[in-house]
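J.: Based on these hints, arrange chains W and V on the given structure of chain L.
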Amino acid sequence: MDTRDLISILPLLVLAGWACLLLLIDLFVPRDRKSITAILAAIGISVALVINLMQLGEVRQAFNGMIVLDGFASLLITLFLAVGLIAIAQAYDYIKRRGIERGEYYSLLLFTLCGMLLMATAGDLIVVFLALELLSIPLYVLAGFARPQLESEEAAIKYFLLGAFASGFVVYGIALIFGATGTTALDGIVASFAATQENPVLLLVGSGMILVGLGFKVAVVPFHMWTPDVYHGAPTAVTAFMSVGAKAGGFAALLRVFLAAFPELSAAWAPMAMWIAALTMAWGNIAAIAQKNIKRMLAYSSIAHAGYILMALPAAANPTVAPEALRAVLFYLFGYAITNLGAWGVVVAMEKAEGGGLAIEDYSGLSNRRPGFALAMALFMLSLTGMPPTVGFIGKFYIFRAVIDADLIWLALVGVITSLISAYYYLRVIVVMYMRSGEPETRSESWLNATVWLTGLGTIVFGIVPGPLLALASQSWLSSLVP
Amino acid sequence: MPSDYLPIAVLIVLATAVAFIAILIGHLFGPRRPTVKKSDTYESGMRPIGPGTRRMSVHFYLVAVLFILFDIEIIFLLPWAVVLREIKILGLIEMVIFVLVLLVGFVYAWKKGALEWE
Amino acid sequence: MTLDLILFFGIAFIAVVSAISMLISRNAIYSALFLVLNFVAIASLYLLLNAAFIAMVQVTVYAGAIMVLFLFVIMLLGAERVETSPSLPWQLPVAILLGLVLVAEFAYVLFGKVAQAGGELTGVGEGFGSPASVGRMLFDQYLIPFEVTSILLLVAMVGAIVLTRDDRKGSR
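Protein chains in written order, with our numbering: chain L, 1 to 483; chain W, 1 to 118; chain V, 1 to 172.
Chain L with its partners taken away, still in its complex shape (with noise of 0.2 Å):
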């Protein structure tokens, strides 16, 4: 170890001692302050977001290959950490209105960071777990963080148990491929495999296990039953925060594991992650037709982007493909970001102190109300669909193109159908917002509606000139496939 292994990590450390400081600064601050800690917790992702921007662009090992710093790594950071100052934004007011407000939301918010922060770096299976677990407990803990009320109960155990149980798969996984190879270590599975062809089986069982726990996190079909609860259960801050973060860290960790350590296998788990990917697409479409609740609503739309980003694993397989799968999935993994968080922002500025104002109902008239949060909503529900001029419809362009490529022209077809289905749900939500009359209930709260605007230009902007992200996206290489 030497001071390059420290200075590789140095986005990680400086997060994860800011958050150990801020537990114990917030223990000094009065419980009617606690704005400071949150600022502080924001200067914190910052001065990380600073330093990580400095380093982009470097490739390089540390801690004898645990720690693997290459451009896909930081552009994950950059998207982990930038999603972490728009979450403290959103929780801001939220918490305070609702009444849960504790410093140590924003102290557990690092340490999700900090996990998140861990997989897109992870170079080893172990580090893989342990980010896996770093970045889960928090989010456990942040989805009962309205307790005693009944619903964030319910979503903390739930999330907490089916969490467990993908921990469970996870670890297991990992024991079997170290039986089969001897290694934890992502290139040591690569070489080992490559060199003896020994325990094909083995090593086969133990990725499908780690698919199938990383499944879980991820919320893919069938993997996704505990999703639709715990969004709804959650603080819809925290939802805001676990449907963007969570899913990115997830796929930061499926597509380096899987690219990195079992390219060999791709033969088998490219045909699985297909299927997946299907059924995600078809059953979160589907699904999110019949919810009343936007937070229901939205936590299916959520699992059917989850199989439109991991549509671009089975590309990926094919090493000709490679290079643009994985560019098309960091841009949609950005767009997705983007979008959602405004939607959930809008979400947070129209659910009422007791829980309410969350159907969808709720949002008629709101183009008469708040003309702005109205065309900002409508932006967001086209990008989800898929529409131009937004962000989300150059993410799926791409994301389809990549599969196409790949030969896959099959399941591109069924990402096109479900997505003209998905606009069925999307459109309502407009609809309800411009052509029904109502009096919608909105607060307006400086910080939140600052993440409403930042994130609706975003949109807009990323949708209209998307070359500059493309550009960073597609020199954002996984240093394993570097030629």
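Hints may be right or wrong, so weigh each one.
Derived EDC-like pairs: lysine to aspartate or glutamate, alpha-carbon spacing no greater than 16 Å straight-line [stated by the list, open to error]:
#1 W/LYS88 with L/ASP2
#2 W/LYS88 with V/ASP4
#3 L/LYS352 with L/ASP362
Think of the hints as simulated: they come from the structure by calculation, not from any bench.
Treat the numbers as computed from the prediction; the structure is a model and nothing was measured.
T.: For chains W and V alone, coordinates are given in the frame of chain L:
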């Protein structure tokens, strides 16, 4: 080698034997003349109210969790102590960081009153 | 070799019997105590495999601390006596099926390895799982996981306090 653990095995056998013998002797030699009053539930001379087992406070759970966490911390100290001479100052720093992080948790638990009994 | 075999079968017998007793006990506290016995038996098996450190962890953390937590939770829920809990209709067949899958998997690994090694399996070296060798690995190769563990423990602590303490009255 299994034989290294022979003393422990002997100890386990002895401890089990003593426990059984103690129960057995009481059972064999103790006089037993039960009456209705004697076999009744005893609650300091009061008439028993409610079920014999009561729900425990959630506070016990918190204490147990804290116990586990610090127990795991101690577990990590053992292999560290054994090899400290080999890993030198770097190992010391590593362990100091580990303990400091948990110290944060300790201070937090203390200030939050998790260790107090109301 | 034969001593090892005798020890193994003795301990394995205790482990299996205690596991079955744990399952069929009506009183949850008895179940928990049988689980302690099971943990200790498993720890002895680890010793036979030269994994001294893991054996010690098994006894102190699992048979010690985690069982204390289990007992507290059982008493907390007042679940000492479960009145013939309604089992799910498909619970038993699924459990048997999964058990068979596990047995098949173990058999595959075991016989596969024996076949690979040409009939005789060699154990790991004597010092393999000793605290010293674990320490050497932990503080060099596995430094990052080790430090992350401390943060994980911290988060667990904060989570437990946040979810059980009532903040509105009393302390800050």
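J.: Hints first: check each against the structure and report whether it holds.
T.: Do the hints match the structure? See the list:
no. : hint                   : result
1   : W/LYS88 with L/ASP2    : holds, 15 Å
2   : W/LYS88 with V/ASP4    : violated, 38 Å
3   : L/LYS352 with L/ASP362 : holds, 11 Å
Checked against the numbered hints given earlier, this structure breaks only hint 2.
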